[in-house]
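Residues per chain, in single letters:
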Amino acid sequence: MKKIYLDNAATTQVDERVSKVVKLYFDEKYGNASSLHIKGQEAKLALEESRHVIAKSIYAKDDEIIFTSGGTESNNLSIKGLAFSNPDKKHIITTKIEHDCVLNACKWFEGRGYEVTYLNVDKEGFIDLDELKSSIRKDTLLVSVIHGNNEIGVIQDLEKIGKICKENHVLFHTDACQSYKKTELDVQKQNLDLVTLNAHKIHGPKGVGALYIKRGIKITPLVHGGGQEKNIRSGTENISGIVGFAEAVRVAKKIDIEKMTKLRDKLINGLEKIKGSQLNGPSGNNRLCNNINFSFEGVEGEAVGGYLDAEGICSSTGSACSSKSLEPSHVLIAIGLKPEQAHGSLRLSLSRFNTEEEIDKTLEVLPKIIEKLRKISPFEKIINRVIK
Amino acid sequence: MMYSKKVMRYFLNPKNVGEIKNPDGVGKVGNPVCGDVMYVYIKVGKKKQKGKEIKFIKDIKFKTMGCAAAIATSSMITELAKGKTLEDAKKINRNDVSKSLGNLPPIKMHCSNLAADALKKAIEDYEKKIRR
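Residue numbers (our numbering), protein chains in the order written: chain A, 34 to 421; chain B, 2 to 133.
Because the hints were derived from the structure by calculation, they are not lab data.
Honestly, I wouldn't trust all of these hints.
Said to hold, decoys possible - Derived pair list, reagent style DSBU-like, types lysine-lysine, alpha-carbon separation capped at 30 Å:
#, chain 1, residue 1, chain 2, residue 2
1, A, Lys401, B, Lys16
2, B, Lys29, A, Lys371
3, A, Lys401, B, Lys91
4, A, Lys414, B, Lys83
5, A, Lys36, B, Lys6
6, A, Lys408, B, Lys6
7, B, Lys129, B, Lys56
8, B, Lys48, B, Lys121
9, B, Lys44, A, Lys35
10, A, Lys199, A, Lys89
11, A, Lys408, B, Lys85
12, B, Lys44, A, Lys414
13, A, Lys405, B, Lys7
14, B, Lys44, A, Lys394
15, A, Lys405, B, Lys62
16, A, Lys308, B, Lys29
17, A, Lys408, B, Lys91
18, A, Lys405, B, Lys22
Note that this is a predicted model, so its numbers are computed, not measured.
Just chain B, same shape as in the assembly:
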């Protein structure tokens, strides 16, 4: 099993590590039993575009316990999502994550799944909160 250079770069120097104080949404996925746990925190911003208010990911951070692929995909999802509208961010899937990292070994594809799921859950968490 070999990781791409890009996976290694993101694994060794992950971006956007940390927590956001009073986040608008949190997505928690995985469990310690299977070895990978990811938390994704988001802050949502609003801006006007063509007279319409749109919501976008203003800030995003993560905390992950897991293998090299888990850390690299967490970092990548935060970069992919930052600045995107919530609608666009929700569309990011595991292939987007994997491709952006120069592909993951097949056995580690579930990590990109986890990362995409964590982001989706964070957005859903936000949407649930504002509906209340």
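The following block holds chain A by itself, in its conformation from the complex:
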């Protein structure tokens, strides 16, 4: 059975053009970019060309891009690297809907004499700009706000947040892992100081990401060694991964966004017809073009995912990472869902490789699954009464 892959917020299929260059730099152009011989120089050239591609894509300068092992490292490097460089500033502002790597890095600091403000979000997932403004203090180290949320797809207004940060002389970091190449990201216009990017959400390889660090900002390295990446991130550069990352950026086109948006809206419209269903997160332009998140009354999300899997459709409940725990998603709780609604949530996330036929098939299968699970549910009668 051909699989329908609707879990692209977890990771994506590597584009063929990407695997081709990755293989080339893996098998043949395997040099170390620090070596002076021809193999080394070949690698160095590829490294710098890749850096240029990434920099250009977010309107940054080449020397403002540092390659890392991915989103988690870039987020940790931003928060910890900045904290270690500014020991007097002991206050961090972030939100209640960050990815675990930001939340857990902040929590780590809380146990070490830091204070963290976790900004609230409204029922669609947007932060309150006034709350942000009033939270900024003299000792605020940085404001870290996720650009496009991985679970409910809400896109924060970086330009407005950036303006507030600039006016109040506080640094601004965003985790753009989910939004990169899916919506506008412009470090100048949005006044960004640090931006986390990664490759595997955009059909690139896993294990490679980048951090944009605005010129003049001091970051203490977390990894010491041979001084690669401007001495901020030592270790032999992952050249095959990095060229793959750049290739993924190069081949991502605006038309992909239009395609995903169309499929997303078709899926949302279809699922809204299921009785007792509720879209989580905003609708329209402030939602990631590939994100769909629904709660279905009276059923549990993992069960829905399990039945979908049996039909060859890959989905996710909330965040794939949190499936290791039994707690309801912190993001869904933050937007005001009751735990029982959060348990009943399902995330579908698209890529440019999805087709209209796949969406049709999903819309044919999913309502039947909900119906079947509701028949098993002790709340069947209540559900029928409430949603009629």
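Since the structure of chain A is already known, use the hints to place chain B on it.
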């Protein structure tokens, strides 16, 4: 986290789903806040064995809202209990449920607990009723 093939089979094709009209006992466990709710319904039969009257589980059905493990364990407990004497049915514990399903992932062991509890509660419900 991986489910065994048997868990998946019971999850996708659960046995004994439904309610029993005028049940002799009902066991309700879990709550929507933690994500799992199980209702187990039983009908009790009586038969003579060696001149002694014994009571057994004549029919058993369940309704569950929950994850794959919750549905699979509910289904399994109904199969394990059906036909057993009340005394024997009460002895079914979470390890029996888990083992019969080819083991559950550790994080999902509480589901087998729930299933065993639901059955116990249904039997207790019956016993309470006849004492009245």
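Violating hint indices (sorted, rising): Structure breaks hints 3, 9 and 14.
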